[in-house]
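Peer 1: Reminder that position 66 of the first sequence reads as 66 in the working numbering, one-by-one numbering, no gaps.
No lab work stands behind these hints: they were computed from the structure. Hints should not be assumed to be uniformly reliable.
Calculated cross-link-like contacts (lysine-lysine; reagent style DSBU-like; alpha-carbon spacing at most 30 Å) [what the hints assert, rightly or not]:
#, residue 1, residue 2
1, Lys172, Lys36
2, Lys107, Lys162
3, Lys235, Lys182
4, Lys233, Lys169
5, Lys248, Lys169
6, Lys10, Lys341
7, Lys100, Lys162
8, Lys172, Lys107
9, Lys162, Lys115
10, Lys182, Lys36
11, Lys67, Lys10
12, Lys103, Lys162
13, Lys103, Lys10
14, Lys110, Lys205
15, Lys13, Lys78
16, Lys248, Lys235
17, Lys162, Lys225
18, Lys115, Lys36
19, Lys248, Lys205
20, Lys169, Lys103
21, Lys248, Lys58
22, Lys110, Lys78
23, Lys328, Lys341
24, Lys213, Lys10
25, Lys309, Lys58
These numbers were taken from a predicted model, which means no experiment stands behind them.
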Amino acid sequence: MRNNVHIAKKLLKWYDVNARNLPWRISPIDSQIGIKPNPYHIWLSEIMLQQTTVNVVKPYYESFISKWPTITDIAAAKDEEIMEAWAGLGYYRRARNLIKCAKIVVKDYKGLFPKDEHLLLKLPGVGTYTSAAIRSIGFKKKATVIDGNVARIISRLYVMTKPIALSSKEIKSHADSLVPTKRFGDYAQALMDLGSQICTPRNPKCSNCPINKDCKAFTSGLSNKIPYPVQKKAKQVRYGYAFVTLTKNNNIILERRPADGLLGGMLCFPSSEWRNSQELNFDPPFEADWHVLNESITHVFSHFNLQLKIVHSRINLAPSGYLVMPVKNFNRAALPSLMRKIFDIGVVQSLADLS
DNA sequence: AAACCGGGGAA
DNA sequence: TTCCCAGGTTT
């Protein structure tokens with residue numbers, strides 16, 4: 001394969017001028033004068049950034065660093081505190097793996113991330129991408145970082161005529177061949193910045209691209225046709241009831257979902273089974289004088305849409321087996337977004353009925 | 001290889 | 001609306 005060094009050089013030169021300023025990032029100038037990244041910061045940001053956009057992550061990242069300045073603090077925190085701080089960010093398995101990973105790093109590695117790829121890959125929540133990101137950005141080691149940006153850039157550079165998911169081996173070999181001999185972290189971040197600012201999924205800004213002359217998609221006018229999309233399955237709708245209950249003392253009734261599966265480990269209102277059919281059995285979790293509200297909420301998950309009718313009741317005494325929390329001072333932000341919608345309708349309406 | 005797993009922002 | 005995002009894990 002022909003020497004690609006000139007491509008990395010152009011990217012790094014572009015990055016020196018166009019690097020985004022991000023809370024977890026060491027700027028190219030600071031990096032050059034020897035300021036070292038904090039692998040804990042890099043790990044935390046990378047976990048949060050999995051399938052999640054930069055601007056959504058920023059406030060969560062700042063909040064975590066402020067609450068838990070070191071990985072030892074994460075490992076020592078209560079699980080519920082971490083889950084509450086993660087609420088709203090989605091993909092909650094990431095938070096559960098974050099906790100597991102922090103405990104392993106503290107126990108087995110004295111609180112310092114290993115640099116070895118093989119050891120990193122054994123950590124929960126750390127796969128090929130995150131391992132390479134920690135190694136290159138966190139430790140300035142050589143590693144091939146391939147995320148959605150890199151895959152898209154490479155598929156265009158070489159005009160790959162199959163969807164990205166079917167070209168992973170080819171993308172990996174090209175990506176390997178493009179990695180420079182130094183500035184591994186800056187190079188990885190340069191690719192991400194190029195992907196987010198120039199080589200965007202739709203309408204890439206090829207005229208501003210520092211490597212457009214090296215890009216086969218650009219030189220052949222195919223930039224907007226690559227990468228080829230994958231066929232998508234139509235989303236189904238699931239239906240159910242969500243049960244909002246206030247006790248006489250204005251406590252709300254919640255439960256914590258099991259650790260595995262959808263919204264695992266999160267606080268939730270009790271709900272019925274979610275079925276593909278609108279023919280629902282009204283099957284409340286406990287005895288009460290239930291009122292079905294006119295309102296329902298809709299929510300979009302990655303693989304299905306959900307529509308829940310909201311039901312509420314007032315009871316004297318909380319049934320056992322549930323979490324009972326004063327609605328006054330309740331931190332709405334502790335709920336995943338779906339449950340926030342239910343809270344906003346069900347609890348507000350229940351309180352209004354009192355007056 | 002494909003499904004599962006949230007939520008939001010850009011176009 | 002549609003798309004897809006600094007993916008990992010399980011099936």
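Peer 1: Each hint should be assessed against the structure and marked as holding or not.
Peer 2: Status of each hint after checking the structure:
no. : hint            : in the structure
1   : Lys172 / Lys36  : 28 Å, holds
2   : Lys107 / Lys162 : 44 Å, violated
3   : Lys235 / Lys182 : 45 Å, violated
4   : Lys233 / Lys169 : 25 Å, holds
5   : Lys248 / Lys169 : 61 Å, violated
6   : Lys10 / Lys341  : 47 Å, violated
7   : Lys100 / Lys162 : 37 Å, violated
8   : Lys172 / Lys107 : 33 Å, violated
9   : Lys162 / Lys115 : 34 Å, violated
10  : Lys182 / Lys36  : 15 Å, holds
11  : Lys67 / Lys10   : 39 Å, violated
12  : Lys103 / Lys162 : 41 Å, violated
13  : Lys103 / Lys10  : 41 Å, violated
14  : Lys110 / Lys205 : 46 Å, violated
15  : Lys13 / Lys78   : 44 Å, violated
16  : Lys248 / Lys235 : 41 Å, violated
17  : Lys162 / Lys225 : 11 Å, holds
18  : Lys115 / Lys36  : 15 Å, holds
19  : Lys248 / Lys205 : 60 Å, violated
20  : Lys169 / Lys103 : 33 Å, violated
21  : Lys248 / Lys58  : 40 Å, violated
22  : Lys110 / Lys78  : 20 Å, holds
23  : Lys328 / Lys341 : 17 Å, holds
24  : Lys213 / Lys10  : 11 Å, holds
25  : Lys309 / Lys58  : 33 Å, violated
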